[in-house]
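A.B. asks: These are the residues of each chain, in order.
There are 2 protein chains.
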Amino acid sequence: MEKETLNRQVILINRPAGIPQKEDFKIIESTMPMLAAGQIRVRNIYLSVEPAMRGWVSAVPNYSDPVALNSVMRAFAVGVVDESMHPKFKVGMRVAGLFGWQHYSVVDASDIEQVLDSDDMPISTALGVLGINGVTAHIGLLEVGQPKPGETVVVSTAAGAVGSCVGQIAKIKGCRTVGIAGGAAKVQMCMDMFGYDAAVDYKSEDFSNSLALACKDGIDIYFDNVAGRISDEVMKHLNIGARVVICGTASVASWNPHPVGPRTDRTLLVKRARMQGFLIFDHKDYYPTARRDLREWIRSGAIRYKEDILEGIEAAPDSIAGLYRGENIGKRLIKVLKD
Amino acid sequence: MEKETLNRQVILINRPAGIPQKEDFKIIESTMPMLAAGQIRVRNIYLSVEPAMRGWVSAVPNYSDPVALNSVMRAFAVGVVDESMHPKFKVGMRVAGLFGWQHYSVVDASDIEQVLDSDDMPISTALGVLGINGVTAHIGLLEVGQPKPGETVVVSTAAGAVGSCVGQIAKIKGCRTVGIAGGAAKVQMCMDMFGYDAAVDYKSEDFSNSLALACKDGIDIYFDNVAGRISDEVMKHLNIGARVVICGTASVASWNPHPVGPRTDRTLLVKRARMQGFLIFDHKDYYPTARRDLREWIRSGAIRYKEDILEGIEAAPDSIAGLYRGENIGKRLIKVLKD
Numbered sequence: 344m345e346k347e348t349l350n351r352q353v354i355l356i357n358r359p360a361g362i363p364q365k366e367d368f369k370i371i372e373s374t375m376p377m378l379a380a381g382q383i384r385v386r387n388i389y390l391s392v393e394p395a396m397r398g399w400v401s402a403v404p405n406y407s408d409p410v411a412l413n414s415v416m417r418a419f420a421v422g423v424v425d426e427s428m429h430p431k432f433k434v435g436m437r438v439a440g441l442f443g444w445q446h447y448s449v450v451d452a453s454d455i456e457q458v459l460d461s462d463d464m465p466i467s468t469a470l471g472v473l474g475i476n477g478v479t480a481h482i483g484l485l486e487v488g489q490p491k492p493g494e495t496v497v498v499s500t501a502a503g504a505v506g507s508c509v510g511q512i513a514k515i516k517g518c519r520t521v522g523i524a525g526g527a528a529k530v531q532m533c534m535d536m537f538g539y540d541a542a543v544d545y546k547s548e549d550f551s552n553s554l555a556l557a558c559k560d561g562i563d564i565y566f567d568n569v570a571g572r573i574s575d576e577v578m579k580h581l582n583i584g585a586r587v588v589i590c591g592t593a594s595v596a597s598w599n600p601h602p603v604g605p606r607t608d609r610t611l612l613v614k615r616a617r618m619q620g621f622l623i624f625d626h627k628d629y630y631p632t633a634r635r636d637l638r639e640w641i642r643s644g645a646i647r648y649k650e651d652i653l654e655g656i657e658a659a660p661d662s663i664a665g666l667y668r669g670e671n672i673g674k675r676l677i678k679v680l681k682d
Numbered sequence: 344m345e346k347e348t349l350n351r352q353v354i355l356i357n358r359p360a361g362i363p364q365k366e367d368f369k370i371i372e373s374t375m376p377m378l379a380a381g382q383i384r385v386r387n388i389y390l391s392v393e394p395a396m397r398g399w400v401s402a403v404p405n406y407s408d409p410v411a412l413n414s415v416m417r418a419f420a421v422g423v424v425d426e427s428m429h430p431k432f433k434v435g436m437r438v439a440g441l442f443g444w445q446h447y448s449v450v451d452a453s454d455i456e457q458v459l460d461s462d463d464m465p466i467s468t469a470l471g472v473l474g475i476n477g478v479t480a481h482i483g484l485l486e487v488g489q490p491k492p493g494e495t496v497v498v499s500t501a502a503g504a505v506g507s508c509v510g511q512i513a514k515i516k517g518c519r520t521v522g523i524a525g526g527a528a529k530v531q532m533c534m535d536m537f538g539y540d541a542a543v544d545y546k547s548e549d550f551s552n553s554l555a556l557a558c559k560d561g562i563d564i565y566f567d568n569v570a571g572r573i574s575d576e577v578m579k580h581l582n583i584g585a586r587v588v589i590c591g592t593a594s595v596a597s598w599n600p601h602p603v604g605p606r607t608d609r610t611l612l613v614k615r616a617r618m619q620g621f622l623i624f625d626h627k628d629y630y631p632t633a634r635r636d637l638r639e640w641i642r643s644g645a646i647r648y649k650e651d652i653l654e655g656i657e658a659a660p661d662s663i664a665g666l667y668r669g670e671n672i673g674k675r676l677i678k679v680l681k682d
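Line by line, the protein sequences give chains A and B.
Sequential numbering of the first sequence, starting at 344, is according to the working numbering.
Sequential numbering of the second sequence, starting at 344, is according to the working numbering.
In short, the hints are calculated from the structure, not lab data.
Everything hinted at is true.
Where chains are identical, the list cannot tell them apart; a pair therefore holds if satisfied intra-copy or between any two copies.
With a straight-line Cα cutoff of 30 Å, these simulated DSSO-like cross-link-like pairs (lysine-lysine) come out:
no., residue 1, residue 2
1, Lys627, Lys579
2, Lys627, Lys649
3, Lys491, Lys627
4, Lys681, Lys365
5, Lys627, Lys678
6, Lys678, Lys431
7, Lys431, Lys681
8, Lys433, Lys627
9, Lys514, Lys546
10, Lys491, Lys579
11, Lys514, Lys579
12, Lys365, Lys678
13, Lys369, Lys678
Input sequences plus hints: build the corresponding full structure.
C.D. replies: Right under this line is the structure:
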């Protein structure tokens, strides 16, 4: 059987100040590396695109070392074991992990996060609703936010990969859900597909009033993916004992220089409220629990998900900027090689 | 036995926008009210002065209804039962509660928070280190902040009634303590009297550098009484997993219009940190536990306290503004009637 001998890789060539643009990446061809003992080669089928990638390429102090210049862009991917020098990983097994934006990845066993063998779910879900996004929604809402039945949960980027999952889990837990999304199409999707009790368009001039109307009984949990002026509006409606779960800060273009906004201290004091950041990579022990719940909810129809699939590795360089332009509807993936 | 027939009271006559000033109060003489069945008259010995009084007189939404105009200023006080129509409260008993800024208070049994009978502590401590301030320090640090041995705890208004107690409790729990106070005298007091490992003067031009030097291993808990620019500096040094306990916002002159400052969202996210407001009145069940600990620590010498005692009810109207001018050294009290 003839094997492919060339690899295609997306490398980071500039370190962007804000949102990584197309020009910050380059696609190169490289020779396929040899496997050392214990290594595995994965033929990638789907590459993932995350809002968090902005942080991964930034030199501003963050939760992980920045992707090195002229190296392959860090990314989750799902693929098939193509060649193996490890006894546990057989050719043909489907696996997921941080394999990078490339056609073929040579990895160690410790790089493989999930084996997708006897799974009845499409493998793409390992990058979204059963991957980092679903698990982030699960732990962020349930462990950090601690919702109680009857509470009002507000979610920003409500139609996105994490947000849509948060809204649906909150609903499963008996909460009233209010989604914040950009544009009429996403607002409609919040209502029709993700079952929010109300959805508000932050691009509308009427956003402030609409949000107030949608949250007449105040807000008990705010699951925040955006920060900035959207969050400033939400903070005005916190109830006593509210929890603000900080998952992302997507709406703030740059943190250097440090942006200013309304001080939150007194709101947190008067409302005896809690604002807490979390990072999913701190909670790896929790992934199996979250995935078990998510699978069950997907099977029962309690959780629906949407994917936004780009074709070919050529789509990768502009794909993060596209997320920040709000182009995607659902979890953004890049289909690179055939299943 | 001849009884006093006139009362002296401090009433609120203007609702201040920011810090309540001398002119916002008036001292009046009034006739002593009759007791109804079940009521108790207290002859007040010490009246308390709190930074929180700024909030109590404000019409801006807050955690309690504002003190009504032309009514007696809300305040904790400690005194002696002078007359009683309640079987449990005998003349001569020492009691503490929200008795207001006045010589004599007619109260219901439910207004009496503490009976100071068989106590070996001076009664003034019922308003400070064994009153709202000590209890606030105890629950704020231990329940909200959850310190672990070896952690660095930073305290603002470190020489104040709450702050000095927080610093000493943190020390008892095996933490390294860094105090922030205004001026050389208070910084010295932090070191000499309250046992901080380091103390920094926020009025010094070198504040930012001094704080960084004092917190070389970062900050695990920030017990904040001030908000504003002091807190902005502290936030730069948070460690992963840090807790910010919001107890007060004394340095911010007014919250209307809402002041702006550096956004904290991304710091909380990257540091997986938690910022939480609390209000001591939510935790009344916890007071006995806190007081038991505090008494023990005072007796053993592990907690020291300082009082700043003004003489006569005439001192009341200017006493809150004086706190905000930083005049007091320790817990501010007003001695009104003889013990």
